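Number of protein chains: 2
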Amino acid sequence: MNCIDLIRKKRDAYKLSKEEIRYLISEYSKGNIPDYQFSAFLMAVYFQGMDFQETTNLMQAMMDSGKSLDLSNIKKPKIDKHSTGGVGDKVSLILAPLMASCGICVPMISGRGLGHTGGTLDKLESIPGFKTNLSIKQFKCQLKKIGVAMIGQTIEIAPADKKMYALRDVTATVDSIPLISASIMSKKLAEDLDGLVLDIKLGNGAFIKDYKKAKELAQTMIQISKRSSVKVITILTDMNNPLGNYTGNSLEIIETIEALKGRGPEDLMEITFALAKAMLKLAKIKGGKKLLEKKIASGGALNKFKEIIHYQGGDVRVIEDYSRLPVARNRIKVKAQKTGYINHINTFDIGMLLVQLGGGRFKKEEKIDPSCGFRIYKKIGDYVKKGECLVKIFCDNRSKTRSVVKQMHDVFTIKTKFCRRKTLIREILH
Amino acid sequence: MNCIDLIRKKRDAYKLSKEEIRYLISEYSKGNIPDYQFSAFLMAVYFQGMDFQETTNLMQAMMDSGKSLDLSNIKKPKIDKHSTGGVGDKVSLILAPLMASCGICVPMISGRGLGHTGGTLDKLESIPGFKTNLSIKQFKCQLKKIGVAMIGQTIEIAPADKKMYALRDVTATVDSIPLISASIMSKKLAEDLDGLVLDIKLGNGAFIKDYKKAKELAQTMIQISKRSSVKVITILTDMNNPLGNYTGNSLEIIETIEALKGRGPEDLMEITFALAKAMLKLAKIKGGKKLLEKKIASGGALNKFKEIIHYQGGDVRVIEDYSRLPVARNRIKVKAQKTGYINHINTFDIGMLLVQLGGGRFKKEEKIDPSCGFRIYKKIGDYVKKGECLVKIFCDNRSKTRSVVKQMHDVFTIKTKFCRRKTLIREILH
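Protein sequences appear in the order of chains R and D. Be aware that the first sequence starts at 755, since it is given in our numbering, and climbs by one per residue. Be aware that the second sequence starts at 755, since it is given in our numbering, and climbs by one per residue.
Hints are computed from structural coordinates only; laboratory data are not their basis. From a predicted model like this one, the values you see are computed outputs, not experimental measurements. Incorrect hints may appear among the rest.
EDC-like mimics (lysine to aspartate or glutamate), calculated; alpha carbons at most 20 Å apart, straight line [stated by the list, open to error]: (1) R:K967 to D:D929; (2) R:K763 to D:D929; (3) R:K763 to D:D923; (4) R:K963 to D:D759; (5) D:K963 to R:D1164; (6) D:K967 to R:D766; (7) D:K763 to R:D929; (8) D:K1118 to R:D759; (9) R:K1117 to D:D759; (10) R:K963 to D:E1024.
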């Protein structure tokens, strides 16, 4: 087998066999296929696509590039959740302890924020002392003891994905349904899961802007899950507003704790419960929304979050004392310049403005400042009076704050005509 | 400007501006854009193409990556010829001295054989002592003195093309009309030419198999020439038979000298004269075919070839004494296994069988054996009796010869039904 022939084959729209895909991934992982050939291959895949069987074989080959977890000593159903990324999306932080409190094992491997989207790991690390770089041994041990652990991608799991993603990122080949699907599933398969709930964000704050593409990703995920041992439910959710009332790392931890105390904002809880119900379904646990509400009302879910913080070296006192979290002291209000209804929010820009404040990153290597962020007061469909507060900016760097205030006005489109907010849960596929 | 954005732009079918193309080529040449990004860009171009203006800008940027010749002290019209490559194609060797004998300056920069196609430089180097690596100074000096010189691509001229071609070769992105056109023209522009005749080979022994693609290349070349100072005539010629009666380096030199002595085979002379007439037209020299025949009959063209050999350090005695050329002594006949008409010749395979003998190369670094080759006795439409000779193999390596004999039978398809040969000159565009 020869890499050039395989690039040409995909370029000319032929299907690649299992052996051919395995050859490409394995040789690329080992460094025997150079980046410049692999990026040409990725671009050919971008244009010609892959069918479900090829995508399944790709996912399998990527998984086999590394080690798999063996969680067979855990008898509970093992279910994880993944989101394609949005603004203000702290659902994983609420969901992981909530589901664990329902008896599901949640081996959650998350990512960091990049561009306009935040990352679960960055948010967790705003809790003083919290460690996300557990060894596989520690991860398994914690899962056995408390049923949930939240870590970052390790080099052991699907290293081909890590290498491929880095290359896709710099060659404009990220945006390909088969590559996205195989990337997500290769890691999830290696986690030895029984099921996965996938939150596909859709709208101007999401990577995927249009419905057709979101649906295509959902269907691909379902089809490749049918060819593997991980059952998948995908939920298409609206990302034309920031989710919840806060964005920014420490602020989102506070909102998470509030949600676990039963005081979560409506939109955040609607999506959290929809995903939670799907996870219960995959785990074959009965009880539905009532069970979830009970676990929050009883403090069971909050207590599980406390256990996570404790086991991962964080300061559990943050649960009761938010002042232990790094939150910027300087706060500036952005006020509406006219009266009317919010017709549009440029959610992507809110994410990018957070990066400008220092609360996110453009490049993987950059450090972030967990103390800054936004409190969002108004969403699409809300009525606002001139001079009323739209957003409160939290940031101790005053020059950055000034620059962001100016740009924040352009994020909101206020018109006299009312505009209805889109349904949050757009579609559930399984 | 940013490489990723430009890859994405081309990927999404937008046109690139002159400045954007210039940025890509200049930064890639300097090593500031890595191969893995550039190969993704090339694959995006493969799929989305480039319009005539983009292709012109690409050609210009590639030319500007290096130095240009300044031939302004030569007052004769400066015309070159380029072929997309075929089997048995020694036309350049006849054409260069013939045109110089007509008063045209021919600054010919040629390539080496690769894969199934032979290369002018390799053929010339089978003449003992012949040097093709002249310095630019020597090249210009020779052009001034005898009006013709034949050298290889130097690193000074269009280095971006050299770097890009090496990358295209290993990433399945060779086969793109705008990339092919810009590659050819960037080098020809740098030669300070007035005109170029392009022989686009078409058929099973050519890189381009189908008429539509050949026509597209011809039209692109014409269009970009109209946006530059080099006037182009393109001729589409048939490559479903080897051209002339010989393939192999020394053997083709002998056939060249025979042609210059007035004993060239019909098909070879038909194409040579068609290209020569186009060159006369570009040079605005009258006389047409009669002038060409006169230059051959008078020995003027042969004498010019002798001058080339002399100026480039070769042994001029080969003109009269072919035994001074390295020709294999071991010769094996391949005989027809049945009686009938030749209906098809796999010309590509003849080229590849020559590589097997050692007379061509798979990879650029490989050395070749100039002594081996084939004498082809039959072409499409010819009648052949069982036992009659189809091909004579020249090769001193007996095991290679044995292996090639077997495969040579499959090259010819003999049927009882007559099959007409295709017209050699398919179309002339300017």
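Status of each hint after checking the structure:
Taking the CA atoms of K967 of chain R and D929 of chain D, the gap is about 30 Å. The hint is violated against a cut of 20 Å. Distance restraint check for K763 of chain R and D929 of chain D: the Cα-Cα separation of roughly 13 Å lies within the 20 Å cut-off, and the hinted pair is therefore satisfied. A C-alpha spacing of about 15 Å is found between K763 of chain R and D923 of chain D, which places the hinted pair at or below 20 Å, so the restraint holds. The hinted pair formed by K963 of chain R and D759 of chain D meets the criterion: a straight-line CA distance of about 18 Å does not exceed 20 Å.
Distance hint between K963 of chain D and D1164 of chain R is unfulfilled; the C-alpha atoms sit about 56 Å from each other, more than 20 Å. With a C-alpha separation of about 15 Å, the suggested pairing of K967 of chain D with D766 of chain R holds against the 20 Å cut-off. A C-alpha spacing of about 13 Å is found between K763 of chain D and D929 of chain R, which places the hinted pair at or below 20 Å, so the restraint holds. With a CA separation close to 18 Å, the supplied pair K1118 of chain D and D759 of chain R stays within the 20 Å bound.
At roughly 15 Å between alpha-carbon atoms, K1117 of chain R and D759 of chain D fall within 20 Å of each other, so this suggested pair holds. For the given pair, K963 of chain R sits about 60 Å from E1024 of chain D by alpha-carbon distance, which is inconsistent with the 20 Å threshold.
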